[in-house]
Amino acid sequence: MNLEQQDFYTQAILSMAALVGLTSFLMLGQGRLLRLIFVFALQGLLLTQTTALAAYSLDSHHLYISALLTLVLKVLFIPWMLRRQVLMLNLHRDVEALKNNTFVMLGGAALMVFSYYVLHPIVQTSSAVMLNALAVSLSVVLLGMLLMISHRQAIAHVVGFMSIENGLFFAAIVATRGMPMVVELGIAFDVLVAAVLFGIFFFHISTSIDSLDVDRMNRLHEVDR
Amino acid sequence: MIAAYLVMLIPLIGILFFAFVGHQRETGQLNVRFNAVTLLATIWLAVNVLNNGTILSAGKAFIVDSFNVYLIVLTAFVGLTTSIFSAPYMEHEKQRGKLTEKRLKLYYSMYQGFMLAMYLVLTTNNMGVMWVAMEGATLATVLLVSLYRTPESIEAAWKYFILCGVGIAQALFGTILLYYAAVQIGDGDNALLWSVLFDNAARLNPEILELAFVFMLIGYGTKIGLVPLHNWLPDAHSEGPTPMSAVLSGLLLNDALYAVVRNKMLVDGATHTNMAGLLMMGFGLLSFLVAALFLHRQKDIKRLFSYSSIEHMGVMTFAFGMGGASATFAALLHMTVHSLTKSAIFVTVGHAAQLAGTQQMEKIRGLIKTQPEIGWGLLIGTVAIAGFPPFGVFTSEFLVLVATMHSYPWLAPVLLLGIGVAFAGLFRHIQPIVYGERPEGQQPIKANLWPVMIHLALVLWLGLAIPDFLANWFSQATQLISGSVPL
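These protein sequence lines are chains A and B, in that order. For the first sequence, this note's numbering begins at 1 and goes up steadily by one. For the second sequence, this note's numbering begins at 1001 and goes up steadily by one.
Looking at chain B on its own, in the form it has when it is part of the complex (with noise of 0.2 Å):
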């Protein structure tokens, strides 16, 4: 258990270092050594984890089992991969003169806090704390979403704001309609903790529970980005710095994701319908469909690519909804795979677009003649992102098509529709970047592509064969989730 108190504190040490100890050349580089060591003592607390089974800390504060242990560790592991891209990024942003030292030490210090919120949610047992977690890496993201201080990316941060703090107002009354729901069961201080409840979900009263679920998930739903709640998502993404969309993206979505399956799984146990799925299913589709549409409009990059997070993360809260082995083993092996691929591209894209110095897609050319690593990292992305074979998201798209043609055949051409129209989306937009004419002088830039080249081979690697501790460990979260074992 000292790993996982480890994984909360040295973020909080980070967050103090970085906002008091001040800006140094460095401190890009001790960015990464804080993520790095963090990333450490998540990969000891799964080892814990994989050899012991579920560990539930003294006091029953916080709980690791095998749902949350592989999220913790990819946060971690994401985490650190964008730190490597965000050192030289944002010494580049500085020297290109949009921000200042005192800025820098902002960013950091809240990045260790954006991380430190993520492990919260992912690890705290109670349902009350997991809220707060959670609006507290809204409270760290949104200085970051307007560092740069222009009037869009304030216009932008303020929306974000406002929306999630509304959005996530609901799923506090969801919380407090599932306490009260537990009060009457049970004592009052331990009647919030996860553990307590899942083992007496089927004592809890279904009605209250349906209705909080309705709350959680409108509330939650709004940080997933779910249609229609999704309206902050291309905004924030798009005027903050890059290396927070990767990470809001890779991370934070999933984090919300997660909070809404915990949800399901006690509202599943009281009510006995599949009521809870349902919903999720609806949401789900929507927001795949309208956001594979919306992928064609696009102008600005990393709107393009934040859409397509709404896309995918539609397809998993779809998947998730409904339920059974296969489909959540397929969410669980989307929510992976979707993180490594986003996070890459979003690298990717911050370089594009400090190569042509602009986010306009029309102006953004020829990246394969200026500098062939960033034009080939971001086709090779943007193909894994579409869901093609050998990749990973292929792998995770084609069983979450499997699961639909047994559950729902008449859902699948629909599925199949969505992919197409978003395939097309992407690929219309991406084509000419790539291969078209390079606009005169146009220079390379020194860019760091390792951590994109780390994540794609990891993509890749779980296209073409999932190793077996980690198909183990999904096989365990889909029973924890789900109640059965997958294929």
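Only chain A is shown next, with the shape it has when bound in the complex (with noise of 0.2 Å):
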């Protein structure tokens, strides 16, 4: 693939993926949680960019109610939420000490390619553009999963979990013009809920074992020992 003969907006997308890709490369390599989440409010605003591109290229104007959806939950609601809930529990001076950083970030690099590897059937059927863009939100997908592996802070796993979606969210924009509407705003419904859930939680769990690190709530287990 020759990238100086697609047209603009191919071009577009194949930048705005790669943008999309490196700030899940910066959050997993975070241990500051206010700049985590501000990373995490990049993304979003780069996914709000994506579908407002796609909506104005590809003439598909329910794309505009998507990224204006997504302007306000991941770039403005969530974000928003997730610095309070750090700035109240006093969470924006300790620095995580990110056990094997080296060995995380080459994971990371890993879970790219075996993105790439996964998807390289769809070839045969579509662009390669096509593959590309379902890839990066593949890895998206799994590098938020290795994030919220890597990370012990309860926030840093909701913004794993978010930055999930998001990764969710570029596949259908790029690769099938944003799903049926029905079916954003339902799911744009469950965020949402989850979020607020996300913050009921954090107070709870705060409350229970005095911090927001998961590695402290072992109270269950598989088997009795």
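Derived lysine to aspartate or glutamate pairs resembling EDC-like cross-links, with alpha carbons at most 16 Å apart:
1) B:Lys-1159 x A:Asp-213
2) B:Lys-1159 x A:Asp-215
3) B:Lys-1446 x B:Glu-1091
4) B:Lys-1060 x B:Asp-1199
If you want the footprint, here are the derived chain A segments under chain B, 3+ residues with CB under 8 Å:
5) 109-123
6) 169-179
7) 188-197
8) 203-212
Hints are computed from structural coordinates only; laboratory data are not their basis. We treat Cβ as the ideally placed atom computed from N, Cα and C, and that holds for glycine.
With the hints in hand, could you dock these two chains into one complex?
Here it is, written out as structure tokens:
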């Protein structure tokens, strides 16, 4: 595939995919919660731009609505809520010492390669652009999971969770011009409810174990020892 | 079709009613009435389907066919009987000071919310909406699992939230891939409708659908509780309030499996290979064996039976994966009898735990001596779930075994071994609980065992003879899923 021969829209989408992937890596290596939340908001902004771009270039007007939803939910509301929680619980001063940061980053790179490998069969059925876009979305999903595994703070888990949704939305926009409107609205509703529930849970977790370090939630065992 | 809208509307009114009107003395009874009215609506719907065949609503938003209609009735039925049990149970929990008025309000509101999500999963024709409703069910139950606000219950709810949220995100990726395959052959707005996809399944791209199914199976499989994605299930069941365990085991797991089977029907149509089936068989068998072994090491009575749920979901996934008429028929029957038996067991377990004041099996003793109906209820329930004749679970497991003998004879001994191990695991724990010496000062409690008796009687009936209309439903559903008529 030769990049210069593609039309403007394709080139723009590919750059967006690269930037979205980059923000996932930035989040993965981030030990400070406020910066983590900032990068997450940045990823949301990239997603909003991608959606608006797709809405404009492909002339599918319902995507403007989902761009607006993304902007309100993922760029403004959720980062604002998380930031407030961090400040309220006084977590912004601690730096989370990430164990094996090098290995985590290498693992992230491996996951990206793996995503390309998994999605390779579809290259016969569609353009190489699609492969890139879908593979980046899948790797954002997997990197979000890795973020949740490597961080111990509950807030980082929520950021990972929400960035997984970002990856899924990216796939939906680029591959299929967004899902049908009723589905998009439903998913947005679920994300909103989930965000509110997370807020409730931060409160309960911090009152029950006196911190948001999920490693200290270890009362339940698979079998009794 | 009005019936289908009613089924959705009544729980919706229920959510708002309990959230805003607030807690009164009779809230538990009101919850029962809401569920009873919904059950009547589902029966009306079922009669419609039985007379007229598949119903597709205007705009194709909802589909009710022979496969989901019996699950809808089952959902409403278990929802009703569990609400009958939960009214005095929650009142008792309140008297013990474990719950406040405000939490009870939340409980009843979310109970209706959960029921709404379940009906939506079952009736919707849109694969995307199905996903949304499934995630909605998680959100509704997360608050219920943490209802007691103990550190354990909060940990369990957090684990459930994160694991199921992340897991089910994979199913959304699968749905996006499915949509991607669908828009290549058709128009955008209707492309995610199951009825449209099913009619055009042969034209869908097989490579993309195979990929999509892997993600779907992992995603919804987390919800079914398939090993190794089952980790949230025993915790959520053991820490949440008992009526919740009954509906989680009896309904939620079924609905997740329903979603997988709907997807399998599409994938089978597109690929013409058994790839989806083989994956399901592998996961199902693994879950079945691992859960059977884990039964032996449990100390908490609710964890014990949640592992038994994993085991039975494994059997169903295995049977649906094997495909073919008789295995599919057996799986459908097993879904029904497992739901009925397991919710009955959780109801009795709830009473037993209240009686003994603990969920630790070592401390629950002498049930038959203290309160015979609870002891016998638990014993008969366990006999039924372990697959003894003449109960319905025996019939369905036997049919699965026969189908295995036909298609994969070398797997039959593995199945038999697993059933044996699970049986031993259950009885080594339950035998001392019901027959043991009763502790000092153990007093009978006020218990309503009607739901249990009705459930167990139904399971017994299904074991002795399957009524004609039900067999007819199952046959039609089997034909829909596997493409051939059973036996």
